[in-house]
Each structure stands twice: as C-alpha cells, then as structure tokens.
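S.K.: Whole structure, please, built from the sequences with the hints as guidance.
Protein chains in written order, with the numbering used here: chain V, 1 to 264; chain R, 1 to 264.
The hints are simulated quantities; they were obtained by calculation from the structure and are not laboratory data. Note that the coordinates shown come from a computational prediction; the quantities given were computed from them, not determined experimentally. We put the CB at the ideal spot given by N, CA and C, even for glycine. Please note that the accuracy of each hint is not assured.
EDC-like mimics (lysine to aspartate or glutamate), calculated; alpha carbons at most 20 Å apart, straight line [as the list claims (entries may be wrong)]:
id, chain 1, residue 1, chain 2, residue 2
1, R, Lys68, R, Asp37
2, V, Lys244, R, Asp202
3, V, Lys205, R, Asp112
4, V, Lys70, R, Asp37
5, V, Lys66, R, Asp112
A few chain V positions that, by computed beta-carbon distances, are all more than 12 Å from chain R [claimed, not checked]:
id, residue
6, Asn16
7, Val169
8, Glu226
9, Glu227
2 protein chains.
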Amino acid sequence: MPHILYINFNTGNTMNATLKTMLQHRSIRKFTADDIDEQTLNLILQAACNGSTMGNMQLYSIIVTKDKEKMKAMAPLHFNQPIATNAPVILTFVADFHRFNKYCEYRDAATDAYSNLQSYHWAVIDAIIAAQNACVAAESLGLGFCWLGTITYNADKFIEALQLPKHTVPVACIAMGYPDEQPELTDKLPLEALVHYETYNDYNKESIDWLYTEKEAHENTKKLLEENNLPNLARIFTERRYTKADNEHFAKVIETVMKRQGFL
Amino acid sequence: MPHILYINFNTGNTMNATLKTMLQHRSIRKFTADDIDEQTLNLILQAACNGSTMGNMQLYSIIVTKDKEKMKAMAPLHFNQPIATNAPVILTFVADFHRFNKYCEYRDAATDAYSNLQSYHWAVIDAIIAAQNACVAAESLGLGFCWLGTITYNADKFIEALQLPKHTVPVACIAMGYPDEQPELTDKLPLEALVHYETYNDYNKESIDWLYTEKEAHENTKKLLEENNLPNLARIFTERRYTKADNEHFAKVIETVMKRQGFL
Chain V
1 MPHILYINFN TGNTMNATLK TMLQHRSIRK FTADDIDEQT LNLILQAACN GSTMGNMQLY
61 SIIVTKDKEK MKAMAPLHFN QPIATNAPVI LTFVADFHRF NKYCEYRDAA TDAYSNLQSY
121 HWAVIDAIIA AQNACVAAES LGLGFCWLGT ITYNADKFIE ALQLPKHTVP VACIAMGYPD
181 EQPELTDKLP LEALVHYETY NDYNKESIDW LYTEKEAHEN TKKLLEENNL PNLARIFTER
241 RYTKADNEHF AKVIETVMKR QGFL
Chain R
1 MPHILYINFN TGNTMNATLK TMLQHRSIRK FTADDIDEQT LNLILQAACN GSTMGNMQLY
61 SIIVTKDKEK MKAMAPLHFN QPIATNAPVI LTFVADFHRF NKYCEYRDAA TDAYSNLQSY
121 HWAVIDAIIA AQNACVAAES LGLGFCWLGT ITYNADKFIE ALQLPKHTVP VACIAMGYPD
181 EQPELTDKLP LEALVHYETY NDYNKESIDW LYTEKEAHEN TKKLLEENNL PNLARIFTER
241 RYTKADNEHF AKVIETVMKR QGFL
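M.R.: Right, dumping it as structure tokens:
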C-alpha cells in the first residue's frame, strides 16, 4: 500500500484539511487591521517558492509590498480598488527570466536563449504556480485574499513602480490579510461544464443553457441584471465589465510590454 | 480574534497539514499500477475548479486522459517521456475562452470581445491556477505528479489530438498517480533569491554567486556536469536542455497557435 497519506476521514470519504481549505475558498476584499507577522509571511513565501517549476529554474520573483505610501502610489494603477490600499500585504508575482539570464552571464553561458515567446510562457506559468501556492498556504493559515487582475492591464506602469528590469513581466497581484468579512461561496459552473474526457466535448445551445442554469438563477446575477438594466449576464460582461474596446486597449499594453521586456 | 484557522501546532509554530504537504512537494515520475478512483479524481477536479478566476468566468477546461491508447498516441508529442504513458491519469489544462464566447453567442452578446492578448493572459492564468490547485489537492491525497512542459512546445499538435476548438490553448499538462518512488526534495534557491521588498532588488556578480552557491554545490549538479562534460549549470541549460535554437523554434509554434486560436 503506497498511499500512506490516502487516509479515510470520519465520514468514509477522502476529505482532508487541505481539500476543505480549497473547497471553501472565496475571495476576501475586507481585512482586519491585523498585520501578517514575519513568520506567517515567511511560511507563505516558502510554500510559494516550493511549487513545480520549469527545469527547476524558478522563473519568478515575488515583490512584497507592505509600505502604505507605496500602496497609495500604485492604487490608481489598480483603478483605486479599496483593497489596493487596505490590505496589510500585497504580493506581486513576476515572470522573471532576468535572474536566470544574469546567472548565465556570470557563468559565460549564452544570455539570449530565453528572449522569446516560449520562454515567456514558462516564466508566466512558474509565476502563477508560485502565486497559487501562496494563496493556498495563506488560506490554510486563516488569511484571505483577492487577486488584482489590474496587474496585467497596467503592466507597463507596474514595471516602472516596482523597478522591474528587462526580461520580467508582472502577472499576478494578490492582496492578503485577515478576513473582516465572510462572503458566501461564489457560484461556480458545475464540473460538467469544465471537465472533458479524452477529447474536448464541444458546447451547443442546449448544453450552454443547462450548464449556466444555476449561475443565471443565482441571486447575485439577478441583482446585477437589475443594477445594469441588461437582460443577461453575458451582456454585463461584454457591455460593462470587460468590453471589446477596453480589452483591445489593454491587449496593446501587454503586447508592448512583452516586446519591450524582450519576450516578443 | 478573527484568525480562527490560525492555529499554533505542537512546536509553537504555525505549520499545518496543508503547509507540510506543500513544503514536501517533489515531482514524481514513477507510479504504482494503482488507478485513481473516481471519488478521488472528482475531489481533485473540484479543488481545481474552485480556485480564483478572472471575474468568475472560469476561463479553462480540463481534459482527463485515462485511455492508454490515447496516451500512446500523444507520447511522441511529449518526446516519449515514460510518464506520458505510465501515469494512470493525465490532466491537460486548457486556457479556454471558447465556452464563454459560446455563452455570449447564445445570449446575443458580442462574441469578439475576448480575441486578444489581454484576454489570453486571463485564460492562461485561470488555467494555471486550476492546475496548481489540482496538484496541491492530489498531493494532499497521497498522489504524486509531474508537469509536462512539452504541452506548450507542441501545442499545435495537442490541439489536434484533443480536438480543441478556436479560442483555446493547452498550457499545462500533469501526469499523476500513486508514487512508486520517493526522490529527495529538489534543491531550490534560497528565499532571498526570489523575494524582493517594495522594489526589485537587482542582482550582481556577488549576489548571484552567493545565491547559487548551494545549488552549484549540490550532488545532482556535480553529477550533471560530469555527464555533460560542461563547466557549470548555466551552460547545461543553454547548451543542452533548453537551447536558443530549440526555444526559438518552439516560440514560433506557440506564436502560430496563439494567432490561429484567435488571441494574437
């Protein structure tokens, strides 16, 4: 029996503390005044830096923001979301080939092998693995967090604010602290919507209707439709939250950043 | 006291089961013949699908490969790594805007708002968050796994093999099963190499030397240098493992894929 950790808990199922943490995840946007002490932050950072990584190159850096002045200066780049200044700690995860290139430079190895779109993917993936590990670790310690998608919108300005060198791109930004709210679990699509067996099982009108039934019937959705005076959730996304014009504007920003940082 | 989960364990520190799992992570490449039963796989998939996601759009799909014939057919795309056929389950995580676009189509919303490089980033990030959640969940259940970076190398051919539609790109591939080996923990860079406070703390010859000391002195590194007859680890990467020519070749593949799939 090799599965020494594969323990049956109380109820005869395989639920454990880690799964409970992950299945109770919800974003937290309000934090208490409590700071995150050094030992706790260190554990989170250690977990972040112990994830899988391409060829063990660890192609990421983490910028810890605790300085309130720094947070305030960056708040406009996060479109002044309150958590951009209210969280005790913000962790920015940077896809980073700069350190590895420096290592190559000082060991007389080629320094131009990783200035391309394939290498960019490795670094982005490494950075997100680290970020998600940090999130799970934080929740296991009773912390809450919210991702700030604005980091890729304004990547150019964050590069300046965080003094990031060439061959780095910030790709994840997580505000964390002790929860001062306990929102309901977010409505999610059923597993059937997300999981395919062997090959991609394409969607049609009927399956989309069925898979989105619960989400569309959700209290939050109804509230959103009223507030926005729109007939369905899809149009809230395309006409309010993430419009074509905005997305194409920010696509140009990230494309320029990828070029300037040496990946495209 | 809001931190109800912030428990001090035995030794007066904050270590818990989740952190222990994460800090003991190592890639597993040899699996027992044991299958992953449906309940266990379901828990892993549920954890995967409960992570943070851009605007709660859940911009990913997961393809479960269990069919050995299918694995064998895809093995060459994974450069015939043994785990590509020896694992009982392979999970492929796909950055997926197709489902959301379909939803928009059937709700008379715009279907061209997310055909751009910014939206691509959201979907890639969502897919990797889901993938890493699956990994942590799997390890908490006693499973082991290894990421197959080959998924982005041969993304074009995986799209064909998995019958992925436009607006999807496979970005993570994880072979998992019950461990039939217990390798040592991988040597990692010290936290000081990866974590910066407030702004990026650039590297110089002295700091690189210091930060890579342990890695360069590691038994595995010495073995690699002998095997490759090369003077240092950097040159093993640039001259053997991930060469400029290979990387640039595979950069063209992913660039073509991103264009053809409607993101660039």
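S.K.: Within 20 Å, alpha carbon to alpha carbon, are Lys68 (chain R) and Asp37 (chain R)?
M.R.: Roughly 16 Å between the alpha carbons, so the hint for Lys68 (chain R) and Asp37 (chain R) holds.
S.K.: Between Lys244 (chain V) and Asp202 (chain R), is the straight-line Cα distance small enough, at 20 Å or below?
M.R.: 37 Å, violated
S.K.: So if I understand the rule, the pair passes when the alpha-carbon distance is 20 Å or less; does Lys66 (chain V) with Asp112 (chain R) pass?
M.R.: Status violated; Cα separation ~39 Å.
S.K.: Would you assess whether Val169 (chain V), listed as outside the interface, keeps its beta-carbon beyond 12 Å of every beta-carbon in chain R?
M.R.: Given a closest Cβ separation of 10 Å, the condition is violated.
S.K.: Does Asp37 (chain R) sit within 20 Å of Lys70 (chain V), going by the straight-line distance between their CA atoms?
M.R.: Between Lys70 (chain V) and Asp37 (chain R) the Cα gap is close to 49 Å, so the pair fails against 20 Å, i.e. violated.
S.K.: Find the nearest Cβ of chain R to the Cβ of Glu226 (chain V) and say whether that gap is larger than 12 Å.
M.R.: 17 Å, holds
S.K.: Taking the minimum C-beta separation from Asn16 (chain V) to chain R, is that value above 12 Å?
M.R.: Asn16 (chain V) is in fact no farther than 12 Å from some Cβ atom of chain R, at 5 Å.
S.K.: Between Lys205 (chain V) and Asp112 (chain R), does the CA-CA distance stay at or below 20 Å?
M.R.: 18 Å, holds
S.K.: Once the closest CB in chain R is found, is it more than 12 Å from Glu227 (chain V)?
M.R.: 15 Å, holds
The structure fails to meet hints 2, 4, 5, 6, 7 from the earlier list, while all remaining hints are met.
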